[in-house]
Structures are given as C-alpha cells and as structure tokens.
Amino acid sequence: MFRLDKRYAEEIIAHGQAEAPLECCGILAGIDDKVMKLYRTTNSEKSPLRYNVEPHELLRIYRELDEKGWQLLAIYHSHPNSEAYPSATDIKLAQFLDVLHLIVSLREVVPLVRAFWLSGGQVKEEPLSLVET
Amino acid sequence: MAAVEVRIPTVLQKVVGGPKSVQAQGDTVAQVLKDLEKNYPGLKGRVTDQQGKLNQFIIIFLNDQDIRFRKELDTPLQEGDVLSILPAVAGGLFIH
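So the sequences go chain by chain: G and R. For the first sequence, the numbering used here gives the first residue as 1, with consecutive numbering after it. For the second sequence, the numbering used here gives the first residue as 1, with consecutive numbering after it.
No wet-lab data here; the hints were simulated from the structure. Wrong hints could be hidden among the right ones.
As the list claims (entries may be wrong) - As a list, the in silico DSS-like pairs of lysine-lysine whose alpha-carbon atoms are at most 30 Å apart: (1) G:Lys68 / R:Lys44; (2) G:Lys92 / R:Lys20; (3) R:Lys38 / G:Lys92; (4) R:Lys71 / G:Lys92.
Claimed, not checked - Reference listing, derived: stretches of chain G covered by chain R, where coverage requires no fewer than 3 residues with Cβ under 8 Å from a Cβ of chain R: (5) 41-49; (6) 54-60; (7) 88-96.
As the list claims (entries may be wrong) - Which bits of chain G does chain R cover? Going by a derived footprint, with three or more residues having C-beta under 8 Å, they are: (8) 20-34; (9) 71-77.
Glycine residues also receive a C-beta, built at the ideal position from the N, C-alpha and C atoms.
Make the full structure from the sequences, and use the hints.
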C-alpha cells in the first residue's frame with residue numbers, strides 16, 4: 001500500500017488537466033515513502049501519446065535528490081485519452097528505474113490515479129491510499 | 001588518455017551497483033564505458049544496445065551537455081571532464 005497525501009494526488013490530476021490533450025509527467029521525491037516534493041517536469045515530447053522528462057531538468061532533479069538525501073519515490077504521467085495502465089514502453093523503462101509508476105487517466109469525467117511496479121517486465125498494481133495530513 | 005569523473009545518481013546506482021562517483025580513463029565516452037567495467041561490471045552492456053549505440057532509456061551528460069547532441073559515444077573527452085549517467089524518465093506508446 002502506497003500512502004499518498006491527497007494534495008499530491010490532486011496536483012498530479014491538475015497537472016494532467018493543464019497539459020491535456022498532451023501527456024504530463026513528473027517526479028515524487030522524499031524519504032522512506034514520505035513525499036517531500038513533487039516536481040512538475042517538462043514533457044519534451046509534447047505528445048498526447050508519449051512523455052520524456054526534459055534531460056537537463058532531469059539532471060538538475062537527480063542532483064538535488066542526491067544533495068538532499070531524498071529518494072526518487074515515484075514518477076507520474078498522464079493518459080489523456082486511455083486507461084490508467086502502463087504501456088509496453090513504460091515497462092521497458094523500468095529496467096533502469098525501479099520505482100513506483102503513477103498513472104492518471106483523464107478519459108472519464110472523474111480522473112483516476114493508479115500505481116504500478118514494473119520490475120522484471122511484470123506489471124504489479126500497488127494499492128494507493130490517499131491520506132490527508 | 002584523459003582522466004574523467006563519472007557520476008551515477010543514487011536511483012541508477014540501486015540498479016547497477018558500484019560507487020556514486022569514480023575516476024575513469026578514456027579519450028571518448030565509449031573508451032570510458034569500457035574502463036568502467038572494473039567498477040560497474042556489465043554496465044557497458046546495459047547502457048548500450050545490440051548495435052553498440054546508447055540505450056534509448058539512458059542519458060549521458062558531458063559536463064552539462066547531452067552527448068546525443070555531440071558525437072554520442074564517440075564524443076571526445078578532456079582531462080577533468082565530468083560524465084553523468086542517468087536513467088531517462090520516459091514512456092508512452094513508443095519512443096523514437
């Protein structure tokens with residue numbers, strides 16, 4: 001069970017809605033499963049089907065994480081017109097990035113956020129608990 | 001051969017093991033990757049594809065420049081350069 005502060009879930013949804021019909025992407029960083037910061041990142045693909053965090057932005061984020069001693073807890077992206085489920089490319093990425101993947105689907109009237117582990121080419125859904133702090 | 005520093009962020013270190021920062025030798029990025037086999041066994045095979053090109057999910061910065069916009073793995077290096085090897089955060093239906 002991944003406990004996510006409700007305000008971060010709302011921010012992920014807001015980010016997705018702001019970028020729609022393009023995909024949005026971002027990073028959640030923190031310590032021991034506690035999110036300390038949400039990074040809204042630039043999707044350099046500017047595509048409704050793909051995302052790619054702009055590399056210079058990513059370099060700065062990785063440096064900040066190491067300076068602050070934070071872990072990369074999760075990455076998130078939106079599916080503006082499809083279900084909240086990982087694509088084959090999302091699964092391939094996990095060979096180098098063994099972190100939780102959050103996907104927000106904007107297909108329905110009420111946005112849906114789901115979380116997945118993608119290690120070893122397998123998709124395993126992680127129950128998401130939204131908490132208020 | 002130029003002596004360079006190679007930095008691996010924690011998130012990739014979890015996957016490939018080895019230290020966060022290491023000195024390596026090479027006049028090109030490809031030569032440094034070969035030299036890195038001492039500290040990161042198998043790293044070269046993972047960050048390059050079957051054609052020997054940079055894996056699409058790996059980004060290598062020479063100082064603050066993405067080597068994809070230089071000469072990729074043939075990018076020349078100078079003494080004191082810093083290479084950062086990063087996992088991309090990318091996905092979707094396909095990557096070109």
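Hints, verified against the model:
Between the alpha carbons of Lys68 of chain G and Lys44 of chain R the distance comes to roughly 29 Å, so the proposed pair stays at or under 30 Å and holds. For the hint pairing Lys92 of chain G with Lys20 of chain R, the CA-to-CA distance comes to about 24 Å; that is within 30 Å, so the pair holds. Distance check on the hinted pair: Lys38 of chain R and Lys92 of chain G sit about 26 Å apart at the alpha-carbon level, within 30 Å; holds. Using a Cα cut-off of 30 Å, the hinted pair Lys71 of chain R and Lys92 of chain G holds, with the two alpha carbons roughly 25 Å apart.
Coverage of the stretch 41-49 of chain G by chain R holds. Counting CB-CB distances below 8 Å, 4 residues qualify, and the rule asks for three or more. Proximity of the stretch 54-60 of chain G to chain R, defined as three or more residues with a beta carbon under 8 Å from a beta carbon of that chain, is established by the 4 residues found. With a cut-off of 8 Å between beta carbons, the stretch 88-96 of chain G has 6 residues touching chain R; three or more are needed, and the interface restraint holds. Requiring three or more residues with a Cβ within less than 8 Å of a Cβ of chain R, the coverage given for the stretch 20-34 of chain G holds, as 3 such residues are present.
Given as covered by chain R, the stretch 71-77 of chain G passes the check, having 4 residues with a CB less than 8 Å from a CB of that chain where 3 are the minimum.
The structure shown violates none of the earlier numbered hints.
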